[in-house]
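Trainee: Here is how the chains run, residue by residue.
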Amino acid sequence: MKLTLEIWRQKDANDKGHFETYELDNVSTHMSFLEMLDVLNEDLIEKGEEPVAFDHDCREAICGTCGFVINGVAHGHMKRNTVCQLHMRNFKDGDHLVLEPWRAKAFPMVRDLIVDRSAFERIQRAGGYISARTGSAPDANSILIPKDQAEAAMDFAECIGCGACVASCPNGAAMLFVGARIAHLAFLPQGQPERAERAKAMVAAMEQEGFGACTNYTSCEATCPKGISIVGIAKMNKDYFNAKLFSGGNLGGKD
Amino acid sequence: MDKAIGFYESTLGKKVVMAVTGIILFLYLVGHMLGNLQIFLDPAQIDKYAHMLHASAAFLWSVRLVLLFCLGVHIYAAFQVWWRSRTARPVKYKVFNPPDVDYAAKTMVWSGPIIAAFITYHLLHLTVGLDSLHPNYEHLGAYNNVIAGFQQTPVAIAYIVALLLLAFHLYHGLWSLFQTMGWDHPKFGPWRRPLAVLLTVVIAAGFISVPVAVMTGVLQLVGG
Chain A
1 MKLTLEIWRQ KDANDKGHFE TYELDNVSTH MSFLEMLDVL NEDLIEKGEE PVAFDHDCRE
61 AICGTCGFVI NGVAHGHMKR NTVCQLHMRN FKDGDHLVLE PWRAKAFPMV RDLIVDRSAF
121 ERIQRAGGYI SARTGSAPDA NSILIPKDQA EAAMDFAECI GCGACVASCP NGAAMLFVGA
181 RIAHLAFLPQ GQPERAERAK AMVAAMEQEG FGACTNYTSC EATCPKGISI VGIAKMNKDY
241 FNAKLFSGGN LGGKD
Chain B
1 MDKAIGFYES TLGKKVVMAV TGIILFLYLV GHMLGNLQIF LDPAQIDKYA HMLHASAAFL
61 WSVRLVLLFC LGVHIYAAFQ VWWRSRTARP VKYKVFNPPD VDYAAKTMVW SGPIIAAFIT
121 YHLLHLTVGL DSLHPNYEHL GAYNNVIAGF QQTPVAIAYI VALLLLAFHL YHGLWSLFQT
181 MGWDHPKFGP WRRPLAVLLT VVIAAGFISV PVAVMTGVLQ LVGG
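Read top to bottom, the protein sequences are chains A and B. According to my numbering, the first sequence is numbered sequentially starting from 1. According to my numbering, the second sequence is numbered sequentially starting from 1.
Just chain B, same shape as in the assembly (with noise of 0.2 Å):
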């Protein structure tokens, strides 16, 4: 336990910690993503994936304390490497054009805040079903409540443009656990990013999908 809270004291321990909780946060992306896609099957069958994550209360709500755990641990460790990092400078430079920056990587410090409340916004809207966000929110209605939530025309922009945002962090991030575990190697290190994109796109595809489809028309109320 010495050895983990000495590693946890450095940056490079932060970063791995955020990288760790980042893989499981990126394995239940794909999992929920899974889980949207089944909106295009049978009107019954995502309120049947809906019961049956429901049918044991226990296992449900371990999952949801790993992942308020994960998510804890990720924004904490970040907000530490964060706050190193602003010190570390304390004369700023009167022109910085830092060669080589990307678009996300640049964004992580404000695209992580952003999903942050996007999370929080999500979980009332969809999960909790406020009255005050949603306009005819159903327990375990899954298929209906969807549908009606993104048929707000605002309410879907907003969930594209969280869920783009997303992907920029996910991108950001996806490649850069590669680094910070130290996975590398010259066979498949040129291949980090890509894979990366790839993964990014298909998850924000499959996400973004789902709106996209209510304000198209492709999806429909079912009566009931």
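Next comes chain A alone, as it looks inside the complex (with noise of 0.2 Å):
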């Protein structure tokens, strides 16, 4: 099949950036999106012209490096799939794609379809830990967890932190990253020594990374490759209030 691609091209964080269009001759259906993009750089490369350059690793969906945006939505326009994941057969020949890169103050331009995205791991930083025993392996079932509070928690421990959330936001938020993140370790037992200071240090974190504002439009939660739900916000909204407002200063140190 024949494709157009007009993709998002950009030196680095200095360069203005501009749109190139490439045309795309014999692309296989069986091909992944990224494998479509690789047979591009080779012919980039044969030409002597510069690849272009886009995040990836596993190519098995799981590890969340790659990402971009295709004709205006994160991932594509297949539901929870990430761009590693996304076939060729579910586009049509002769289709016209604008690829873009994430687009967030938080997230600073890296170069073409590569973003930063080491907010996320400053945000993690910031709170997203529990407080273990190190040295030899504690016995197995040594606390218990409800099966379903158990599956909660995994359901949210599935996000893979690719940044997809904040690309489809339209004010450019991360709550669903940091919900996930919060509600993942307040249902399990583990998280909540922690509980209280991580919902304020997260948030807080979050905060200055200059991501936007919840206005609830919920796409976040129809592009995330995991299928994370809005629920997590609304626990993360609640764990912060309890937080901010009730939670004793002996419990919750300095405020």
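Be a bit skeptical, because a hint or two may be false.
[What the hints assert, rightly or not] Here chain B is said to cover these stretches of chain A; the calculated rule only asks that three of the stretch's residues, wherever they fall, bring their Cβ under 8 Å from a Cβ of chain B:
hint, region
1, 39-49
2, 235-246
[Stated by the list, open to error] Covered stretches of chain B, going by a simulated chain A footprint (3 or more residues, C-beta under 8 Å):
hint, region
3, 99-107
4, 182-191
Everything labelled a hint here was simulated from the structure, so no lab data went into it. Even glycine gets a Cβ: it sits at the ideal position worked out from N, Cα and C.
Take the two lone chains and join them into the complex the hints point to.
Mentor: Put into structure tokens, the structure is as follows:
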């Protein structure tokens, strides 16, 4: 099949950036979207041009490294998918596709379709941990967790931190990511000791990075490759509310 | 107090403030609508109700000031949240089609200011009763004031359009506030949107029924 690709090209953070159009023939329907870009890049390299830079690692939709916006939708139009597992059979011959990087102030441009998502790392470091005994491994099942709670925690732990929620939010908000991280640990007994501090610290870190506010568009949930629910956002709001207004000074440390 | 201020600094805190003031304004709307519906009873009834509301100036102005305060805070926080999000994406997408975004959510940003303008007009029209806006305003003559006001068709249509916008605003606000306040549970979570639709339809229908009844001649002026 034939494709027309309009791709955002930008040398580095200081470059202004522009769209470049590429015509591609003989795209196999068996290719993944990234393999299709690999083919394009081979062509570009042979012609002595700069290949299109994009992030990728496992190509199995589990690492969260890849991702860009295809025709205005993060990770493309297929639900619960990442671009590495988006196959060309889902496109039609002659399609015109516009490829853009995640666009957010908190995700500075690196190059072409690559943005710097270390803001997520900093949020995670602010409170996305538990206090655990180090040393020898604890006995299995020494802390019992009801099945439904373990499942709920697991649903939020599925987040791969790809950033699609930010990319597809009209407000450029990171609520689904932070909500998932907070909800994941809030459902587990191991997450309780730091629960109030975690909500405060992670929300503060998120705000500091310059992400937008939530106005419940729910497009984050719709484009999340792991189907993380906005229930996590409600959970985060509640934890933050409780931590900020009701947790005692001796429990929460300095406010 | 330190805690409350720190809380408001975050967008989450601002949203909670918007939700709480929104709830108060919503409750007022319920009361306002029920008050309005008395127009379908005996013509003297709603005038009696108007006199009752004005019986104590202290009560009247306390309620008015609380509402004005809530409205002001609601708008102020909304503006801050909007500005924050506006600056979160300095470079816009060329093509942007975020899925699942409904009409109400998308239009909050301008349904808000339009409703604010409508409230101003509405107060001047039926509370202050400016001569330039109302053909024949009489203090506390609620029944005839409303009917004479709505007998001007463009005015009635403007009210209906503004109330429909208010309905969209209410729908999104009502279901959003559950999310903002963290009121969610597997048992009632899925009912939040239907509940918002139901409340919105009841409120909008109650308000809109009055201009429609005047336009269709169901409600007529009474002599005096």
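Trainee: Each hint needs a verdict: does it hold in this structure or not?
Mentor: Here is what the structure says about each hint:
no., hint, verdict
1, 39-49, "violated (count 0)"
2, 235-246, "holds (count 9)"
3, 99-107, "holds (count 5)"
4, 182-191, "holds (count 4)"
Of the numbered hints listed earlier, the single one contradicted by the structure is hint 1.
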